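Visitor: Chains as they are written, first to last, in the UniProt record's numbering: chain U, 1 to 385; chain F, 1 to 385.
It is worth saying that the hints were derived from the structure and are not from the lab.
Just so you know, not all the hints are guaranteed correct.
What the hints assert, rightly or not - Covered stretches of chain U (chain F as the covering partner; in silico rule of three or more C-beta atoms under 8 Å from a C-beta of chain F):
| hint | segment |
| --- | --- |
| 1 | 119-131 |
| 2 | 182-189 |
| 3 | 200-211 |
This structure is a prediction, so every number in the text was calculated from the model and none was measured.
Where a beta carbon is used, it is the ideal one built from N, C-alpha and C, also for glycine.
There are 2 protein chains.
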Amino acid sequence: MGRLVAAYGPEGALGQVRRGHLDPSFVEELSSGKGRTPDLARLLEGWHARLMAADPVTDLIEGHRLGARLIVPGDLEWPSQLDDLGSARPFGLWVHGNADLRFSCLRSVALVGSRAATPYGAHVAAEFGAGLSESGWTVISGGAYGIDTAAHRGALAGEAQTIAVLASGTDVAYPVANHHLFEAIRARGLIVSESPMGVRPTRPRFLVRNRIIAALSRGTVVVEAAVRSGALNTAGHAVALRRHLAAVPGPVTSENSVGCHRLIRRAEAVCVTSARDVIELVGAIGDDLAPEPRGPVLPRDALDEESRQVLEAVPSRAGAGPATIALDSGLDLATTLACLGALAAAGYVERTDSGWRAHRHPEVSNNRMTRTNGGDRGRPDPVRR
Amino acid sequence: MGRLVAAYGPEGALGQVRRGHLDPSFVEELSSGKGRTPDLARLLEGWHARLMAADPVTDLIEGHRLGARLIVPGDLEWPSQLDDLGSARPFGLWVHGNADLRFSCLRSVALVGSRAATPYGAHVAAEFGAGLSESGWTVISGGAYGIDTAAHRGALAGEAQTIAVLASGTDVAYPVANHHLFEAIRARGLIVSESPMGVRPTRPRFLVRNRIIAALSRGTVVVEAAVRSGALNTAGHAVALRRHLAAVPGPVTSENSVGCHRLIRRAEAVCVTSARDVIELVGAIGDDLAPEPRGPVLPRDALDEESRQVLEAVPSRAGAGPATIALDSGLDLATTLACLGALAAAGYVERTDSGWRAHRHPEVSNNRMTRTNGGDRGRPDPVRR
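This is chain U alone, in the form it adopts within the complex (with noise of 0.2 Å):
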């Protein structure tokens, strides 16, 4: 139909349904394509009966009494991204919600995953979720439990909208116990669908329904998925669409991390661990760097070269004497005895009967050794937050 209506627009492909009959070209065309041609027979007799049970009329009246608002191709609010479906893109969307879908998605970040998932997937979720909308990013998800309502939640938490790409029409909350989350989702962000008021979900809609949560984001994070899970289909949608795709790792034995292990294996996917990692993968390059983790301040850091040579010197249980010392730390014994003496001013070590013996948890707060750029390394660590 998509391939029909990009050759004689809506009204033309309305009226070749209505005829039950469609123009030799087209169809020659299709069947001089590669791939096997559909079954047009079936296909015009399944549109035929489509048509004659469509009642548009009543689906505009319908969502305008509910508040929700139909968005075409052309219209100021389509998101033109959208066009990268080709024959494929809807041919127009449901919205029901207080934000802008084109103004939104400028900077969104489609977050995917199981249904079932996992304590530790639905806190990762949120916590991406959350961080990307205090960036100012846009979350765009599905509307099932798990991982799509663990994202739309951290990122209710945050400052950015957030948008719920539905398989049922805008009105129907499925599941139905989401129906106060779909609520707070209309208020701050969209309920976003192809199908008209009061359509029920059923697989195949959750299928194509992927490809507009992939088309619509800049990029797809995969952030918990079983081998066989939906969220590998967006994952294929935005790989076909050339949409970055990233992907959370997880423990090797959560059964619903295989799915991303197996694209970061592949090279399919970016590992991602921080909703930083996924801004600095969509984001514009140069900016939106994440920051490079950064391990603990360690004493022997805040030591001139010469006395951590000593210091790793010296032993932690038994203790040594100063030639040994000076042996080990490969310098000169009158050098290992003036670092010794400032190590133990210092606290670093201690002379026992048995020699010198370094301590394991020195006091190295402001102590004479300090180096000026000492400070560097003191900054809080990212990776401890």
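Dock chain F against chain U, hints included.
Guide: Leaving out everything else, chain F in the frame of chain U:
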């Protein structure tokens, strides 16, 4: 010292150190080389002091008394892959145990990671160790708590050798509590060290030790590593030596996986989730391929195309009439009704007062609709093992 020995042989180098005078041409070569020239005077002083303190004959007698043997380049048991270390190649190795070092390392993998491992990391290290050992791959690691210990224990549960490369003498149990583990390793594998009997471990010895772990094995797997873990030092050696490098993903909430994720994210390490993945990486190309993760068999897998289309159009909550189902499935009414009948007979759907409804958990055991190739989908899923 490595370069001196490489240039003049062991005796030649010894002679120059004993005389306390380096060959001028060698000095010139060092100065001309790139990188800052070492303080040769101090180096010589250090070497001379060590020479004075060294007692090689006693070392050999003591090693022999304790059951260890010293192997040097050229010996039958010497692993030639250590030559890749160039001038950093060990001058000799103390070996203690019932395995042959050269032979054991032909098919070997290094498992490294944090001392302060999480239960997850220890579990994975043991699983990998056992999996590799059961497939005839030797495990190489250190002798520390955490990942090292778990890896050896796992390997000992298998059939292959396991090798512990220590930063102390092969007779020094560090940590002391691993005394019995080292016993078990000697019985089935090897304890290896550059240092003679009685030498205590110091931090620099751990660092230089790591190059041997990386050079002995075909590849290194980082199981768990915080940002500044010593395991990353081993990983660096593996990369420098053009050995395979792999890392195990973990929860992004775990600090002990930050190092692994960074390696994977930078594509410095391959993401591995099982011993099979590791064997595929370090094993022969073509052989040793890891199985593709397969999902569970779903009811609809057993259906023919039309029946599946119909089944997917049948709502699982409120029922629907045949006409609606026909519309959603895109099939004509006659076909739809036929399929609905068969699906009902096979227990996929049921007819209720409100119309047709899908069963959530249908019985699919030997029903009449199973496809001939359905059995293929039924293979046990490795992920589930």
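Visitor: So, for every hint listed, does it hold in this structure?
Guide: For each hint, the structure was consulted:
{"no.": "1", "hint": "119-131", "result": "holds (count 3)"}
{"no.": "2", "hint": "182-189", "result": "violated (count 0)"}
{"no.": "3", "hint": "200-211", "result": "holds (count 4)"}
Of the hints listed earlier, the one the structure fails to meet is number 2.
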